[in-house]
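Asker: Build out the structure end to end from the sequences listed, making use of the hints.
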Amino acid sequence: MRDDLSRLRGAFQAPLQRLIGQDDPYWDGFINRPPSDARNILTELMKKAPEGNVFPTQHELHSPNVTAKHVKELTTYLSKKRAVVGIVDLSKQPPEIARGYANAIVSGIDAEYDPYVSPGVGGQVALQAGQYYNWIVSSWIREMGFRATMKIDVPRAEREHLAVVAGLGKLNGDGKLTVPRYGTKVHIVDIIFTDLPMQADG
Amino acid sequence: MAQTIERMNSPEAKKPQVPTGPAASVDERVLARRAREAKKAKATAVNEADRLSTDIGSPLVAPDGTPRVVPNLGRSVTVVGMVTNVDVNDGPHPKNIRGELGKAMNHWYTKTVAKDPLMRATDSSHAADKRNFLTSHTNGVLKGEINSKKPEVVDPQALSKHIKKVALHLGASLVGIAAANPAFMYASGSRYVQDGEAEDKYENMSPDKLAQRFPYVIQTTVAWDHDTLQAHRHHIGDMSYHHTSMKNAVVMKALEGYIKEMGYTAIRGAVNPQGAGLAAGIGELGRNGMMISERFGARIHMPDPILTDMPLIPDGPVDNGVTDFCNICRKCASNCPTNSISFGPKVIYNGIQKYKINWLTCYKIRPYVADHYGSCLTCIAVCPFTKPDAWWRRAAGKVLKNTPIKARPPVVRAMKWADDKFWGEFPKRRVKFMDYDTGLPVGAHNCTDHECTANHKEPQKFIEGNDGFYAPVKKQTDAFVKRG
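Each protein sequence line maps, in turn, to chains A and B.
The opening position of the first sequence corresponds to residue 1 in the numbering used here, with each subsequent residue numbered one higher.
The opening position of the second sequence corresponds to residue 1 in the numbering used here, with each subsequent residue numbered one higher.
Since the hints were made in silico from the structure, they are not lab data.
Every residue, glycine too, gets a C-beta built ideally from N, C-alpha and C.
Incorrect hints may have been included.
As the list claims (entries may be wrong) - With the Cβ distance kept under 8 Å, some of the chain A side facing chain B (calculated, not the full set):
1. P25
2. I41
3. L42
4. L45
5. M46
6. P50
7. T57
8. H70
9. E143
Unchecked claim - Within a straight-line C-alpha distance of at most 30 Å, the following computed DSSO-like cross-link-like pairs (lysine-lysine) qualify:
10. B:K356 to B:K406
11. A:K81 to B:K432
12. A:K48 to B:K201
13. A:K185 to B:K161
14. A:K69 to B:K115
15. B:K432 to B:K161
16. A:K47 to B:K115
Answerer: The following block contains the structure:
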């Protein structure tokens with residue numbers, strides 16, 4: 001019922017917001033105009049920012065089911081309840097996907113504008129929001145003494161494959177990822193590869 | 001060098017001054033609206049400014065003779081005399097880094113690493129590796145060039161509406177525009193920079209020239225989560241505070257980049273955030289020294305604002321009844337663990353009439369409680385304005401706002417009574433977040449999760465009830481804070 005209501009709200013919200021945007025002569029440039037200088041774009045700055053070291057001693061952990069719950073709670077909290085999160089056990093994935101890590105934290109966020117096709121500052125907002133909360137989550141894991149990185153460049157198809165494995169949604173007839181809460185208007189943000197022991201979703 | 005606003009007694013200055021410089025570009029309608037609001041409020045800074053500018057010997061002028069306009073900061077803060085521009089290096093953190101607050105404080109700030117992993121990831125001064133702290137990267141100056149192509153049609157009204165919409169789209173909770181005024185600029189040559197790389201050609205401009213060159217200030221804020229903030233004096237509250245601070249830095253940095261992409265200059269670190277926030281109508285200054293907004297109460301940050309030459313229409317200050325409430329309430333003062341908040345009336349400090357806290361006692365508690373929390377936040381959490389953004393909260397705000405000023409005291413007393421009754425005179429709610437639980441006694445680290453099957457060093461502890469423990473209690477701080 002809750003998912004149905006969310007879908008209904010999503011169906012009305014997007015056209016309404018677009019309608020509001022029509023009286024703004026600068027909105028299209030905000031969403032679609034590529035930056036004249038990429039150094040003015042925060043998402044580019046974040047992509048190049050180096051990650052910190054892993055803390056030398058490991059923090060005392062809870063059981064994997066509770067750790068997974070905490071990771072999801074933190075991600076949801078930082079995204080203001082916008083993110084959908086799942087955990088993938090990478091030991092069941094091919095080595096080229098696992099890349100030597102034990103688990104992957106896969107999350108998606110509502111994307112009114114698809115960052116892959118909207119190069120403007122506004123078009124990159126979903127990417128920016130994902131970078132923000134993923135940075136804090138991956139830093140927190142490193143500070144607990146476990147490896148974690150969001151800097152591995154994962155192709156879109158592979159991200160969406162991992163999202164399906166994590167149980168976030170399904171691929172529809174057109175091959176597009178569809179999640180119950182946001183439909184196809186979802187952006188799978190950078191994957192966090194980690195060794196933090198967690199219970200995987202299915 | 002600090003710039004000083006001085007009253008000039010020369011015959012020329014005694015004549016009523018026609019505003020020139022930054023305020024001259026303020027839209028006439030905005031000025032008219034401000035004047036109407038001021039007349040209605042009977043005691044706003046606009047009235048004060050009018051009175052000052054017509055009184056003999058009252059016009060404010062800069063040391064070089066440039067006439068200055070008294071900024072309209074609303075009812076909570078009034079400019080009543082000489083204002084010395086604040087040097088950003090006189091703030092608590094810079095003083096502490098220089099060792100002016102003592103060895104213990106300096107050691108705590110510059111040399112300690114937090115024991116808690118979430119604190120290490122979200123608090124720059126206690127991180128093990130600063131690269132894990134997001135704002136270390138976002139505070140870097142955007143090195144991009146300003147786009148040479150400005151919009152074809154420049155409509156200040158549409159641009160103002162657009163920039164506000166952009167800020168909200170980027171993640172801000174509130175956004176306002178103020179007319180730049182030299183009174184709320186930092187002293188010339190001092191800039192608020194965390195990476196030390198903000199040098200630009202405007203750095204040594206005087207506040208007056210800076211306000212003329214860049215007539216508008218954009219201020220945004222991101223609201224803290226209400227539920228986790230209830231765990232004040234705890235790592236959970238720290239999380240609420242620190243993460244929105246980082247989020248605000250991200251929003252402002254993205255907005256700064258976008259303004260450059262639109263072909264305009266955006267300067268950071270030159271404007272006092274609270275002055276800009278007041279003038280932009282984000283909120284009013286409360287007894288606790290915090291900005292209090294209509295929607296979110298005191299649970300908002302005032303980040304480093306953007307000073308720009310983009311043509312915009314400034315907003316005016318707001319009257320949400322904060323002054324009337326703070327006159328009566330005093331809840332923050334009675335809950336403050338260090339007695340840093342005054343029970344008395346407003347004071348005049350640096351030519352500004354406002355509530356002033358004792359920042360030194362507030363700041364000095366931190367090393368003693370570092371194992372339990374980083375930032376106290378009690379005055380923010382207990383403030384009756386700090387409530388969830390729900391319909392009943394908005395309705396109460398509207399009632400207070402629309403009550404005539406003279407009739408507000410009884411309304412405030414009724415609201416204060418209701419707040420004490422339902423939220424408690426000394427709120428200490430139990431809050432759970434991840435593996436943190438304020439229901440555990442201070443200093444205990446037991447697991448309280450029923451689902452956990454791990455073999456912990458400390459035994460699991462399941463505690464019933466809704467009351468939380470908060471460190472320190474007053475008797476602990478009595479040791480080093482003298483109470484009135």
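Asker: Tell me, which hint numbers fail for this structure?
Answerer: 7 and 15
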